[in-house]
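Trainee: Next come the chains, spelled out residue by residue.
Protein chains: 2
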Amino acid sequence: MLDDDPLPQQALAQLFSEGRTHNGWLDKEVPDSLLRQALELALWGPTSANCLPLRALFLRSREAKARLKDALLPGNVEKTMAAPAVAVMAYDLEFYEHLPRLYPATDARSWFAGNAVLIEKTAFRNATLQAGYFLLALRALGLDAGPMSGFDNDRVDAEFFAGGAIKSNFLINIGYGDPAKLYPRGPRFGFDEIAEIL
Amino acid sequence: MLDDDPLPQQALAQLFSEGRTHNGWLDKEVPDSLLRQALELALWGPTSANCLPLRALFLRSREAKARLKDALLPGNVEKTMAAPAVAVMAYDLEFYEHLPRLYPATDARSWFAGNAVLIEKTAFRNATLQAGYFLLALRALGLDAGPMSGFDNDRVDAEFFAGGAIKSNFLINIGYGDPAKLYPRGPRFGFDEIAEIL
Numbered sequence: 004m005l006d007d008d009p010l011p012q013q014a015l016a017q018l019f020s021e022g023r024t025h026n027g028w029l030d031k032e033v034p035d036s037l038l039r040q041a042l043e044l045a046l047w048g049p050t051s052a053n054c055l056p057l058r059a060l061f062l063r064s065r066e067a068k069a070r071l072k073d074a075l076l077p078g079n080v081e082k083t084m085a086a087p088a089v090a091v092m093a094y095d096l097e098f099y100e101h102l103p104r105l106y107p108a109t110d111a112r113s114w115f116a117g118n119a120v121l122i123e124k125t126a127f128r129n130a131t132l133q134a135g136y137f138l139l140a141l142r143a144l145g146l147d148a149g150p151m152s153g154f155d156n157d158r159v160d161a162e163f164f165a166g167g168a169i170k171s172n173f174l175i176n177i178g179y180g181d182p183a184k185l186y187p188r189g190p191r192f193g194f195d196e197i198a199e200i201l
Numbered sequence: 004m005l006d007d008d009p010l011p012q013q014a015l016a017q018l019f020s021e022g023r024t025h026n027g028w029l030d031k032e033v034p035d036s037l038l039r040q041a042l043e044l045a046l047w048g049p050t051s052a053n054c055l056p057l058r059a060l061f062l063r064s065r066e067a068k069a070r071l072k073d074a075l076l077p078g079n080v081e082k083t084m085a086a087p088a089v090a091v092m093a094y095d096l097e098f099y100e101h102l103p104r105l106y107p108a109t110d111a112r113s114w115f116a117g118n119a120v121l122i123e124k125t126a127f128r129n130a131t132l133q134a135g136y137f138l139l140a141l142r143a144l145g146l147d148a149g150p151m152s153g154f155d156n157d158r159v160d161a162e163f164f165a166g167g168a169i170k171s172n173f174l175i176n177i178g179y180g181d182p183a184k185l186y187p188r189g190p191r192f193g194f195d196e197i198a199e200i201l
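Chains as they are written, first to last, in this note's numbering: chain W, 4 to 201; chain E, 4 to 201.
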């Protein structure tokens, strides 16, 4: 049984308040085992009807990253080619075929089959949630992340996801960040600017 | 400077592997200050061009929750009305109007103005990421969450977000979960079923 205590301040800092989007990387090895562990942790996070639509590619070799290069906005090329790993966060539009196994309590597959709008919305929403869990799992394991939307999704899909059921969402450069290459931190909203308690 | 160590196993369990979607709630007070702190932590998480499109309502009073009731699927009514707080996770389609302040490095507003498809995609993707950060921030603070998509978004928007720029995404019941009311845990994919290292 877990207790109801907050994590220590240092853990909250590592996950949230001191976490930064990194653009440069230290020369420190990132083992595959740590990437696996981060994704396995993220998979425990909740999704609607346990639909788990996230799919992921980890580009580690020079050859794999070269296949990504032409799809990147020019400003994202150098830091991405230099990152120890690049994760392609994607989602599976055929996720509902797995629901008889993932959500055996009821016939959840029938909620989706044939409803393209609901399929797209559910896949994109839940795979993005899972990508958020993954990003924080990386930080929880001591890694740093540099998420990016600045690339051509259609080119990435054509290059890595032939078949059409899997769509790229966004990219995350992964490594141990070089604090010397951080940009100034952007300001954040205060609670009362974006939220209300009723 | 943060070190590169993983969080302790107990913290990883609280955030990920032992976290559960809760359906029943202990009679233990949830102070507003903890909800504020969770959202403020989540706001530190990364978004594209620091666009921060998440908007949130916290329904705490009987009256506020009653306004939500008719929009819920029948199976979600009882647990939601009983939850100490219900967070409406939403997104602002006019988020780009804040970019001159949030991302002063360049004219990021001009990337979005007039491009409804990019606005919708960016708002939905990034506000969903932020909602994922928020859900894990709740757990990091010792709270439990019960996220739900089973409701009528249009009705919620009409009731709570007149004006049309703010759209509901999903709901999160919040409190200290009653372990006696958990459902059996759904299975998860293994790493190699959904991911590949290239």
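Take these hints with a grain of salt, some might be off.
Identical copies carry no separate label here, and so any pair may be met within one copy or between two of them.
As the list claims (entries may be wrong) - Taking lysine-lysine pairs in the BS3-like style, the calculated list, with each CA pair at most 27 angstroms apart, reads:
(1) K170 with K31
(2) K124 with K82
(3) K124 with K68
(4) K124 with K184
In case anyone wonders, no lab produced these hints; they're calculated from the structure.
Owing to the predicted nature of the structure, the values given are computational and were not obtained by experimental measurement.
Trainee: Run every hint past the structure and note whether it holds.
Mentor: Hints, one by one, checked against the model:
no.	hint	verdict
1	K170 with K31	neither (31 angstroms within a copy, 43 angstroms between copies)
2	K124 with K82	between (31 angstroms within a copy, 25 angstroms between copies)
3	K124 with K68	between (29 angstroms within a copy, 25 angstroms between copies)
4	K124 with K184	neither (36 angstroms within a copy, 29 angstroms between copies)
In terms of the numbered hints stated before, the structure departs from hints 1 and 4, listed from lowest to highest.
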